[in-house]
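S.K.: So the sequences go chain by chain: R and G. Residue numbers are given in our numbering: position 90 of the first sequence equals residue 90, and the series is strictly consecutive. Residue numbers are given in our numbering: position 189 of the second sequence equals residue 1189, and the series is strictly consecutive.
No lab work stands behind these hints, which were simulated from the structure alone. No experiment lies behind these values; they were computed from the predicted model shown. A virtual CB, placed ideally from N, CA and C, is assigned to each residue, including glycine. Accuracy of the hints is not assured; some may be wrong.
Below, computed lysine-lysine pairings styled on DSS-like, alpha-carbon distance capped at 25 angstroms [as the list claims (entries may be wrong)]:
1) 1281(G) - 43(R)
2) 303(R) - 127(R)
3) 87(R) - 114(R)
4) 197(R) - 303(R)
5) 150(R) - 173(R)
6) 329(R) - 1149(G)
7) 87(R) - 60(R)
8) 1121(G) - 332(R)
9) 127(R) - 43(R)
10) 68(R) - 303(R)
11) 87(R) - 1149(G)
12) 133(R) - 150(R)
Here's a subset of chain R near chain G, in silico, CB distances under 8 angstroms, partners left out [claimed, not checked]:
13) 51
14) 122
15) 138
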Amino acid sequence: MSGTRTPHRWRPVLALALATVLASTACSGAGGGSSSGSDGKGKAITVLMVGNPQMEDLAKVTADNFTKQTGITVRFTILPENELRDKVTQDVATQGGQYDVATIGAYEAPIWAKNGWLHELSSYADKDGGYDKADLLDPMVKSLSGEDGKLYAAPFYGESSFLMYNKKLFAAKGLSMPERPTWQQVAQFAARLDDKKAGVAGICLRGLPGWGELFAPLTTVVNTFGGTWFEKDWTPKVNSPEFAEATRFYVNLVRAHGEAGAPQAGFTECLNTFGQGKAAMWYDATSAAGTLEDKAASRVAGKVGYAYAPVNRTKSSGWLWAWALAMPKTTKNADAAWQFISWATGKEYEKLIGSSLGWSRVPAGKRQSTYAIAEYRQSADAFADITLKSIQEADPVNPGVQPRPALGVQFVGVPEFADLGTKVSQEVSAAIAGSTTVDKALADGQRLAEDVAKEHR
Amino acid sequence: MTSAQREQANDRSAVRAARPGRTRRSARGAAWAVVAWIAGLLFFLPVLWMVLTGFKREVDAASNPPSWVFTPVLDGYRQVFDRDITPYLLNSLMASVLSTLLVLLLATPAAYALSIRPVAKWRDVLFFFISTKMLPAVAALLPIYLLVKELGMLDNIWTMVILYTSMNLPLAVWMMRSFLLEVPSALIEAAAMDGASLTVTIRRILLPIVAPGLAATALICFIFSWNEFFFAVNLTATRAGTSPIFLVGFITSEGLFLARLCAAATIVSLPVVLAGWIAQKQLVRGLSMGAVK
């Protein structure tokens, strides 16, 4: 009877499974234990971060360098942005204390500082002789400081936005890009270079819903067209003529000369489209340049020109963003956590990455001194100066033509903005897809913004 | 014409008469086979795409429309192993295997008491078991998180073992009950007549018969535990992270990641495929148990 033999057949499988499990508990250290604390040899800290390439490099070099120098073991968890935000919020709000260091963005830093979730870092930085806080770029420090003026997150790398263009396509049409183009010029170039038959879009612009996707570039367009989400006294201005003009301009430009599938195109999709030579221009983050100039990842390496963020009424309009390392208030290893932050955001770290992994992988955009390193300048020759100037020109306090109620160039630094921006972006994205109008999208946006304003007036 | 010849002639005409029906049946069978193949291919295509993409360069992986002809590279796999996948795989293995064993150990006697020797109000008990699955996981998260935190069990793989056991137990009880109901009661009575004790009856009579069902239940519990993300992302940190946590770490808002994500997904899928392959024979029998009377 086959049935009676079955248990015997399963015995080896069960035995194997048990043996594997026992081996895994024995050799991986996969079992329980506290998330931080002593590991027998020295201190251990836990770091939560996003999976951006620069962060991966950090995880790669930590054991052989930081741990060797200090004896502090660093354990990393890498999560996508949204999961990371949820996780840190949950950990801090419930006093979980699972993480000693967390990667946060320029949007979260002042908000979380105000909530009392983060350790201030100014006192640590001032005491740390080797850190050279004065070398940090001023806009970065401003964007990562709390209302008390203290630094709450140390910048790991920073970025602004600029216009990237395919020099070969421009030359073929006999066009030349000014150093500081206006949006009207960009629209004219896009019309001239749009070649649907060849599958080349005139320009690539984000259309993917999300406050950090579509509204990153669009808010800078709104700023330079004279619009704003809120006035200083929190009067919502989403349906103002300036906001509407900017949004209509953006939507019309993408619809007429933008990439295929624009309503679903975010940073990654545009990077791919432009990187494959399928768009003549791309307005986006300065951090894209490193990938575009990497021959292994891009087909336009060496053929890209860089111009300042296009303007209309303002002198500059680039955004400002930083990924930074912060210390949740719940950490029990504050000193060790600072040692790690100081090392990872210090000058020597950049040199370490440059010499060991390549100069194009340096987490730039936060320190003045980075741009004085000869090897880095050589590697990032095409975009280093314009990146630095774009960051220096970005003003998170006054990014447009009127005073603002909260910090932020491409966002409004209040907790409600993530939801507001995402909801309005869904409608603007629908307008790009042609299923609604800009006026309707902004009228709905104004109602939502009024609710946000009530919370702050 | 003899009577025998007449009978033969009648048979032939009967066969001729039956042919159109048979042709129709075979045509219908062929059509179903085609539908089954198409459905099978539709299910298999994403898997094939995942495996192939894992061998592409990031640039090729992100190309639109997707390129089917490419030079395979191992860059994606190199990046996956650079990040040290082993602890995550071992954590997943431990949480899945131990929770599956615990589930089987608890679900089988429970199912026995709900089918072969039903306890009083067995319907209520059965409903209670399944009602625990009706609460959305997110609604249970906060109390579970706070409890685990208070117990000092955050980022501990044993927390996941216990959690996966309790998550899969109701399902396993229901499945095992349906398999145990298939066991002919005459067989159990005969064993009792022969003086077999309860343990002997379970070991020598019941388990061999429901072994395929046991395998099917085990595999489903294993797969559910292996793929679970929601509780893992909320309750683990740097020590007890499981494979799904490792996987999502490759998603980035800056840069291309499809090839390495697919490479990681292929590796993480392998243990489940392997488990399914080992249990293939038992599974087919187990999954069809209760379906055919």
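S.K.: Any hints this thing doesn't respect? Which numbers, in order?
M.R.: 1, 2, 5, 8, 10, 14 and 15
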